[in-house]
Structure formats: C-alpha cells, structure tokens
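Chemist: Let the hints inform the model, and build the full structure from the sequences given.
Residue numbers (full-length UniProt numbering), protein chains in the order written: chain A, 1 to 97; chain B, 1 to 97; chain C, 1 to 97; chain D, 1 to 97; chain E, 1 to 97; chain F, 1 to 97; chain G, 1 to 97.
Keep in mind that the hints are not guaranteed to be accurate.
Quick partial rundown of chain F residues pointing at chain D, CB under 7 Å, derived from the structure [claimed, not checked]:
1. 4
2. 6
3. 7
4. 49
5. 51
6. 53
7. 54
8. 55
9. 56
10. 85
Just so you know, these hints were derived from the structure itself, not from any lab. Predicted, not measured: the structure shown is a model, and the values here were computed from it. Just so you know, even glycine gets a beta-carbon here, dropped at the ideal spot from N, CA and C.
Letter by letter, the chains look like this.
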Amino acid sequence: MARRLVPLFNRVLVEKIVPPSKTNAGILLPEKSSKLNSGKVIAVGPGIHNKEGKLIPVAVKEGDSVLLPEYGGTEVKLGDKEYHLYRDEDILGTLHD
Amino acid sequence: MARRLVPLFNRVLVEKIVPPSKTNAGILLPEKSSKLNSGKVIAVGPGIHNKEGKLIPVAVKEGDSVLLPEYGGTEVKLGDKEYHLYRDEDILGTLHD
Amino acid sequence: MARRLVPLFNRVLVEKIVPPSKTNAGILLPEKSSKLNSGKVIAVGPGIHNKEGKLIPVAVKEGDSVLLPEYGGTEVKLGDKEYHLYRDEDILGTLHD
Amino acid sequence: MARRLVPLFNRVLVEKIVPPSKTNAGILLPEKSSKLNSGKVIAVGPGIHNKEGKLIPVAVKEGDSVLLPEYGGTEVKLGDKEYHLYRDEDILGTLHD
Amino acid sequence: MARRLVPLFNRVLVEKIVPPSKTNAGILLPEKSSKLNSGKVIAVGPGIHNKEGKLIPVAVKEGDSVLLPEYGGTEVKLGDKEYHLYRDEDILGTLHD
Amino acid sequence: MARRLVPLFNRVLVEKIVPPSKTNAGILLPEKSSKLNSGKVIAVGPGIHNKEGKLIPVAVKEGDSVLLPEYGGTEVKLGDKEYHLYRDEDILGTLHD
Amino acid sequence: MARRLVPLFNRVLVEKIVPPSKTNAGILLPEKSSKLNSGKVIAVGPGIHNKEGKLIPVAVKEGDSVLLPEYGGTEVKLGDKEYHLYRDEDILGTLHD
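Modeler: In structure tokens, the structure reads:
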C-alpha cells in the first residue's frame, strides 16, 4: 500500500530503468553496455519562482524517458519500490526512440 | 506545559514519524523498511521575501505529511516532545495515501 | 553604568535565558532538559536593503521570546550583563506560551 | 537501434572528432598534433531562462564544429556511439575552414 | 604631520578605544572586563551602489561610538596613530550612554 | 591549412608575444625583463548577456595589444600556431606605444 | 621606451610609494614606520557594468594618492618601472595632506 509522493519545487521523481546485465539467453553483457543511466519520470514538482517572482515550470513531464547524471539524486522508497529524486536542472536530457 | 514555536522566514516545524522497527507481533523488520524519513508539519513560517520584495509563502502547510532529507534539520525540544526545523526548500515532497 | 547598544542592519541583540540545571530543590536535571536555547530580544536593527533598495525590517521585535540556533551569534558584554547578537535570519522562531 | 537524446536547458550533445594519431601511411604523429579537442554538435537544448524570465537560446547549433575544453563534459553512450554533453558556456568556440 | 584618509565605498575608519587593563589605582582587571571591543568613527566612505545603481550610504557616521567584531578589520597607521578599517556591514552596532 | 576559431561568449583568442630572452647580439637578458606577458588579439566572441538580457560586447577588439594575467588562459593549437583563450574580464589592459 | 597601459574594467594602475627604510642621515627606521602601503594612481579603467547594464565608473582617478591593501594586486613591469594593478574595490581609500 504505497503512498504517493508529490515532489516540491523543481524536483522530479524518477524510476530508474535497470539495464539487463545478461541477454535473454543468459550471456553476460560487457560492463560498457550498461552505461546508459536512464529512467522514467513518475512525478514532477510545480517548479520554482525566479528572481522576478514568476513560476518556472519543471523542464520534464510525467512519463518522459530521461538521461540521468552518474552521481547525485536522492534515493526514496515508497512501498516496495525504489525511486530517485533529482532537481530538473540535474537531468541531462530526454530520450526518444 | 510546552510552549508553542512560530517558525521564522521559510522554516517548517516537523514532527518526525518514527517507523516501527518491529511488527505488532514483535518481529524485527529489516533495516530497509525504515528508510522512509517522513514527518508531519506542525507549523510554518510566513515565507521569505524574494529579490523584488514580494513575500513567497512556504511551500507546505500545517498538517501536511512530508518526505524529509536524510541529513539536515535542527532538533528542537518543546516540552516533552522532539521536533525538527527545516527550510521548506530542503523538504523533498508531500506524501499522500 | 552599562551603555546601550543599537544593532546595525538586521542584527538582533538577545539576552539568553539560562535554563535551570537544578530544580529548586537542588536536584540535578538531566542534560536533555536544558536543550532549549531561548532568549529575549533586547534591541533590533533597522533592517537591510534588498536588491531593489527597499528596507526590509527585522523579523522579530523587542520583547519577543526567540528560539536560537545551537551555534553562532556574537557574545557582547554591556556593563555586567552578557548578551548575544544574531542576524534575524539565524533566529529559528518565536516562542509563545 | 540507438535512441535519440534531446538535451535539457543549455546542454549540447557533441560527437568528438578523434584526431588521427597516425598518418595514412602509418607514420606515428607526435603527441602535440592531436592537441586540438574538437567535435561536431549533434543536438542542443532549448536554452535557459535568465533572471528576467527570458529564454536565452544555446550559443551553438546542430552541425557546428566546436572547440572543446580539455576537461569536463559528461560521457553518454547512445547505441554503439559515444557522445559528450557540455553546457554551452563551457564550449570554447566554433571552428571554420 | 599625519595624512587624512578618506575611505572608499562602504569602508569606515575607526579609532579603537583601548580599555584600561588596570584600574587607576593600578589593580589589574580580569580579562573579561576588557572584552568590549569598541571604537570611534573617524571617517566614512560614500557608500556602495546596489544592483539598481542607487548609492546606499554608509550605516554609521563620523563621531559614532561603534561595537566592533572580534576579528577582521585592516590595521592602518596614519602619522603616529593606529586606526582600523571596517566594511560598515561588519560593524555590529552603535553604542550610546 | 589552419582552421579559423570564432570564440564564444566573452572569450578572446590571443597570440602571445614571446619576449626575446637574448638581445640581437646574443647576450642573455636577465629573467626580470621578460616579465611583461603581452599578446595580440586575433578574434573576439560576441559578448555575454547581462541579467537584464542585454548583450555586453567584449571589452577588447581584434588587433589590440593586451596585457595578460600570469596564470590562466586555455592553450589552443590551430594549424602550426599556438594561441590562448581568455575571458575578457581576465585581460588586464591594453598596451599602447 | 615604455609602453602605456590602459587598464580594463574597474582596474587601477598604481605606482607604489616606497617608504624610506632609512632616514636621510642613514639611521635605520623600525619596521613599523614603513607599514603605510600607499601609491599614486597612474591610470584607471572605464569601470564595470552593473546588473542593470549601467557603467559604474572607477572610484579613484589619475593622480590620486591611495592606501593599498597589504596583499593582492598584480605586478606589472612597463619599461624600467614596476607598477601594480588593483580592482578599485580593493583600494582602501584616498590619502590627503
């Protein structure tokens, strides 16, 4: 019975996509192929006010696939699942097929 | 006979929710399950003035359930009870059932 | 014949309230009960100018009971009495019965 | 089947141009000749908002040849290829024949 | 034949008041009584420009008795006399009888 | 066949003037006489936007003789020649005969 | 045949006044009397732009006698003479007889 987290300010709740370290046939993949650190945006905050007092909305939205920095982010556990919180300025980009 | 604390600026007074480290039946829970660091907002400050001189109100309100950062916050004792003070910008998000 | 100190900018002159470390009956209180670091505001500065040139008055006023941070503040001796100077932004909140 | 990365804010996705360390005839070039650290811009972010809330576009565009700083940048692997992400303010200049 | 110093920006030229470390009768005073670090303002600068380009005058004026911070300030010798320069923001307050 | 570099933002491309360490007659000059660290401006960037969004042009122009700081600057090799990139704010001044 | 240096931004070119370490009669002066670190302003830059884009002129002018900080400044040699460059904000004040 997990609780829902609504991030504050420009924070973004991300569920990391764990890259398979084995192929379906059970062959171990070399370390390099797991390098892409990506995730799915679960929830975003309302944004932050700039110096003029205007609200700047968060640069990503729920459902986006995002490229994450190698370090940083705050681990959060909600129910059984593990998530990470990032400031939107720390997210590197969005991924598209 | 506890005194009431009214926080200044964008500070937030939080009562931490101590997660049970045993189940009702007395079984010790593994360390991971106590990871969620949450609390209840008891009182909030009036907010801070931005560079333009406008008052930006605090991003959470009395009664909110909040997700707290692992480090930081100032321990405060009022009467018998222990509370913590946070800047609203350090609170990670609000929790909803 | 103590001199009167008028603080500059957003500084606040505070007289700390020393919590009794013994009860009236002479029983030593455990360390925890003296944890509340509070004081009484004796004098406040005029405030500071924000980036727009507007004067932002100090957030507390003479006579307020205030909760002080554990560290910081500048010790000042006027006549026989000991006071402390704080920036108003470092004062945690006001205390009310 | 590489995914496409759209950088956020003022980030720039760059494919580094690896300088040949041998001539076509197989003669090893001295270390100095490989000093120029250049790349080709693959994608740019939308830019960042300044303090006034105006969007400042990124200073380079897709297809530009750019001179890169010796240190910094974030390695990104998309499909088989290796790229680097830079903030546009860290890119030294554009190269023209 | 001392030269006169006109401070620049928000600097304040102060002549420190050396507290007597002996009473008139020659009795050594305990260290604590010399704790008050005060001085007399000899000259002040024109002030500094804020971000809007307005000149913010210095917060103290010639002749003021001021309470000085324990550390900081720049020692200046003009003729035979020793003075100290402080930024007005580092001066703690003004002293009044 | 050197490529041309157009600096970004307030960067300045400088060709350093190497002071002769010997006189024409072959007499070694003492170390001190080579102290002046000067160069010639080869290319300048468009400038940077200030907080108001206005473009502030670079403070030096192509062809200027400039006095350079002892440390800093980024070495760049274009074709056979070695250049240095500086932020215009790091250039100390312009030199005139 | 010294070249003339025109400082950039708010930089100030100063010729230090070396205090005599001996009296005319050859008597060595104690170290303290050489403490005053003063100089003469040779040239000043045009000033710097504030956040609003207005040019703030340099706070001293050619010919001023100035009091210099004990540390800082950049040594510059023009022809045979040694000068120092300071940001005007680092100059402590002007000296008048």
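Chemist: If a hint holds in the structure, say so; if it doesn't, say that too.
Modeler: Status of the hints after comparison with the structure:
For the restraint placing residue 4(F) at the interface with chain D, the shortest Cβ-Cβ distance is roughly 5 Å, inside the 7 Å limit, so the hint holds. Using the Cβ-Cβ criterion of 7 Å, the hint placing residue 6(F) at the interface with chain D is satisfied: the shortest such distance is roughly 5 Å. Checking residue 7(F) against chain D by beta carbon gives a least distance of about 4 Å; that is within 7 Å, so the hint holds. Because the closest C-beta pair between residue 49(F) and chain D is about 6 Å apart, less than 7 Å, the hint holds.
Taking 7 Å as the C-beta contact cut-off toward chain D, the hint placing residue 51(F) at the interface holds, the least distance being around 5 Å. Interface hint status for residue 53(F): upheld, as the beta-carbon distance to the closest one in chain D is roughly 5 Å, under 7 Å. With 7 Å as the threshold, the beta carbon of residue 54(F) stays out of range of chain D, its nearest partner Cβ sitting at about 10 Å, so the hint is violated. For residue 55(F), the shortest C-beta to C-beta distance to chain D is roughly 10 Å, which exceeds 7 Å, and the interface hint is violated.
Taking 7 Å as the C-beta contact cut-off toward chain D, the hint placing residue 56(F) at the interface is violated, the least distance being around 13 Å. Against a cut-off of 7 Å between C-beta atoms, the interface hint on residue 85(F) holds, since the closest Cβ of chain D lies about 6 Å away.
Checked against the numbered hints above, the structure breaks hints 7, 8, 9 and satisfies the rest.
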